[in-house]
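> Given the sequences, and given the hints that come with them, work out the whole structure.
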Amino acid sequence: MISGRGGAGARGGRIRPPRRFVRPNGEGTDFEDCWHMLEEALRDIHNKSCGRLSFEELYRAAYKIVLRKKGELLYDRVKQFEEQWFAQHVIPKIEVLVTKNLISIGMGQSSSSANERRQTGEKFLKGVRDTWEDHNMSMNMTADILMYLDRGYTQQEPSRVPIFATTIALFRDHILRSCLNENTSQLIIDILISVMLDQINMEREGDVIDRNLIRSCSRMLSCLYETEDENESKTLYLTVFQNRFLVKSNEFYEQECQRLLRDADASTWLRHTQRRLNEEVDRCGTTIELETLPQILKVIERTLISDHLQDFLTMEGSGLKWMVDNDKMEDLFILYKLITRVDENKTALRDILHKRVIELGLEIEKSLKNTDFSAAQGDGEPGADGEKTKSLNPAAQQTAAAIKWVDDVLNLKDKFDRMSNQCFQDDLVVQSALTKSFTNFINMFSRSSEYVSLFIDDNLKRGIRGKTEAEVDVVLEKAIILIRYLQDRDLFQTYYQRHLARRLLHGKSESHDVEKQIVSRMKQELGQQFTSKFEGMFRDLVTSSELTSTYRSHINAVGDGSKTIDLNVSVLTTNYWPQEVMGRHASIGDGSRVACNYPPDVKRLQASFEQFYLTNRNGRKLTWIGSTGSADMRCTFPAIAGKSGALARERRYEINVPTFAMVVLVLFNDLEDSESLSFEEIQAKTGISTQDLMRTLTGIAVAPKSRVLLKEPPTKSVKAGDKFSFNASFQSKAVRIKAPIINAVSKVEGTQERKTTEDKNNQTRAHIIDAAVVRIMKSRKELSHSQLVSEVLGQLSGRFKPEVSLIKKRIEDLIVREYLERPDEEEAPSMYRYVAKSQQVAGLAHRAKPNSPRRRRSSEQPPAPTIGSRGGPTDVARCKRRLRSSHYPIAHPLSQEEALRINTEAFPCRGAESAIRAATMSALRRSMATMAAQTAALKQAGKVVCIGRNYADHIAELQNMKPKQPFFFLKPPSSILLPGEGPCLRPKGVDMHFEVELALVMGKTVRDLGADDEQGAMEAIEAYAVAIDMTARNAQDEAKKKGLPWDIAKGFDTFLPLSGAIPKAAVADPHDAELFLSVNGETRQRGSTGLMIYRVPRILSDISRVMTLHPGDIVLTGTPAGVGPVVPGDVVRAGLRVGGREVDEGRVEVTVEESPSSYVFAET
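Count the sequence shown with UniProt numbering and you get residues 1 to 1164, in order.
Hints were generated in silico from the structure; no laboratory data involved.
For every residue, glycine included, the Cβ atom is placed at its ideal position computed from N, Cα and C.
Wrong hints could be hidden among the right ones.
[Stated by the list, open to error] Distance condition first, Cα-Cα at most 27 Å in a straight line; then the derived DSSO-like pairs of lysine-lysine:
#1 LYS48 <-> LYS126
#2 LYS413 <-> LYS478
#3 LYS808 <-> LYS760
#4 LYS436 <-> LYS321
#5 LYS126 <-> LYS234
#6 LYS461 <-> LYS126
#7 LYS705 <-> LYS733
#8 LYS123 <-> LYS100
#9 LYS413 <-> LYS436
#10 LYS321 <-> LYS415
#11 LYS48 <-> LYS93
#12 LYS943 <-> LYS962
[Unchecked claim] Beta-carbon label-pair distances, calculated as ranges:
#13 GLU279 <-> ALA1162: 51 to 57 Å
#14 SER830 <-> GLU344: 21 to 27 Å
#15 ALA639 <-> VAL542: 45 to 51 Å
Structure, rendered in structure tokens:
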């Protein structure tokens, strides 16, 4: 219950009006009375005594004065009172504190100890703080009493300053900006700031100070302004203290940095700088104002980091080089954080790391030269005759050096990978520098391609033995890492093909599955063209296994049941396998390379197989290679009279020998024990080439474990004039003996061998460059020299780095051969123009017959250069036979005449056909930069129009009705997911299905296009792409049942993964291509675009009659059968094949992950 003054419950709770004051006569008297009341109250406030008058009475007194228009007089009286109070009571207290010692501290000339300075300074700061706090509290109370003065007087004019601002500023004007001591001209504020800075510096040097005291003084300066208008950017803290604080801090840290440079090492500098940064962060939070933090951090970054960064990084024995060499991870992490503060490009760190990696890489190469590998043990064990394994021969030493070089490079890579992860937070700038440096030093080593191939060869032969799948995967990943760094990938391809062939043909590979895995990874990394020959090798082996099985069944069916020779044949396609393995040396004229006079039984077997093989294969010719096959022979060594032990009885062994060795051993069946054959006699009887015969005899007459022949003289090398006889005293603990295949070992090439390989590789490169130039010029018609060279470098960078001089030489050669010409215009001396003649097309398409002279145009222009030309339908058979009869081994296959014919006639003609295919598929391709721009532009599509139910088999699998006309719907452009943008996200509760489609990228505006205007439709298309139209199938099915739109089923973000833009030239006919899609490597969709119900012109016509198609719009043309679900963790890969070849730009691969969105599918 609310009642009035005096209470009066009986009066119904009414509030009585306030009692009216009786106004005395005279306004002046009234003002003075009110002022005396206020003056007495102000005095009580300063004295901190409880006044007799209430706040209400004081407020009313000020109210009355302002109401009677005496506000200005009251304002002046209050100001005068406060000035007098300052003069009488405040200033004397401060004057006492300003001593000579304090003045010397303010001038920076004090000779006192740190403790004395600290005590003197704290006493002064406490006095100033206490005085300020009293004044500040008093002025706040005064402002409360005189609140109506501000409202009724000062606020009436913008120029008038509030009473609080006027009175609080008295502290600034009468204390801080006064001297208060006749012995100095220094202002109190200067002394105050000097003392505060001195206290802060003492703390930096390790002393303990009163932080709260400094904080109180800094808050005081933050509350005072330069002028009464109280501009927040003009506080005394910002205008006076902060600038001096930064200057003094700069001086302090510069001196400290000089001491560190003189007395400390880089590790000490790192930790000291990090500590200083942390201290200043803490200081700004507890001692001074937080707004100073960015500026003081910049001071430290400049003085302790930027200005002398190079000096610290290059310190001998502690700099960055030393940290890297000694794996100082913590130091490197601190260094990275410090450098990141001052340079977002990390230039100093990047440059030194780049240089150091190259130095360490070159040290690896240098250490190889200084390492003695001769003491290393070989693969063999002590033989039956008691001989011990000797030191490695020079070839084996070089191979050991190759393995060591690769291991050292990988260890170095692991070292910097750990560093990048633990110290540099996988920073992209640092990673790029490391990648560049590894690429540089690896490619500076002339044998890097060969050594990398040897490393893989060694691991796949014995390095993965006994390892788990995870460990094998690590080995494969290391191999791919090394391949990424190689620039001369075509040279690596040559070596790897050679080493792979030896592993496969000689059974040296530990696992064919692992072999295929690494080839698959190479394909993903380098493209299908790079691995096509490797894949062909595996296909040959699979086909050969099936062929051998079929041949055996055939022999069993037609045979008479007598004992026959067991035959295993490998039929090899000539162009998949290296020339060295196939019996084709560098010299084409070496006709005896694969020639051999096989025993009669072997010849009959060869004839039998050839007849069987050629029955269903017209136009093929087998050439038997004896240098790469092997044979199992059952050898009987009779008892020797007069001997004891094993020699006194008959000994039977089964020896596995090379095919040529079998041919040689059979010769000794007809010799008496005392007879021998000279090297020349053996060669005359067998017809084996000199080099092959030397290697063959070394394996059966020198190798201790398989020395079934005796050599005279008994040296370790075979040469002309040596004599060989049957070793009747041969004995072995093992029943099954394997004679070494001398040329089966993958070893480092000698100087002459390497020169031969490089010469062959350069010849191949010349043809590749020719093909690239022709493709580019046929597409662009006319280009300048610099543009042409640039495009050739861009196209070939994935295979090798061609020299500009070689490109120029090939251009000149093409001009001579009339593929290019220089325009006659004088203003275009460095321009080239493509020469298009019907003669050339006819010359390219011509296929010369094997026995007819090759036709050429009148200018004798050779055929167009190509890449990857195949050498005709020639198969090479390699057989591996097991001879069950005594002394029977088996050979291997090939006819040099056929090989010569292939190289001189079939190869160029087949190459011409390849050139036509290349021209059809890719002669009109634009530069890589243009296609990259087009790919990026896909994201900016105005709309995405999708054709539904355009493949009959897809309609059938979803049990839909066939549309009577093209049926289309829209997907939002926000659903587009370009290559490299991340995973495809499946929303929660969604049954996500894939649908691979051919996408049309519009290049022109299309409106109301005619259905039969095929030319207009094709001209409107700028490029193609492969799209995966992801669909929320359960959401779509529900919407269909309820008759609702199903935009949601198609419109989620990332629901439209796209490949890069495919140039039109790569897809000559959009109705003659093959779409495919696989999930986790398993093919799910595969169908020809020729099965579209409605073709592209009709699709564009129907769409453009409804809505205008603008440049950049994307049209999806429907999906073939095979659609299905995917779940998180699945890897979806799709692409496009044209003419049986996959289009590189059409590859799209995405991983499916669970969406982090809060959306959860629920029925509507």
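> Which of the stated hints cannot be reconciled with the structure, identified by number in ascending sequence?
Numbers 6, 14, in rising order.
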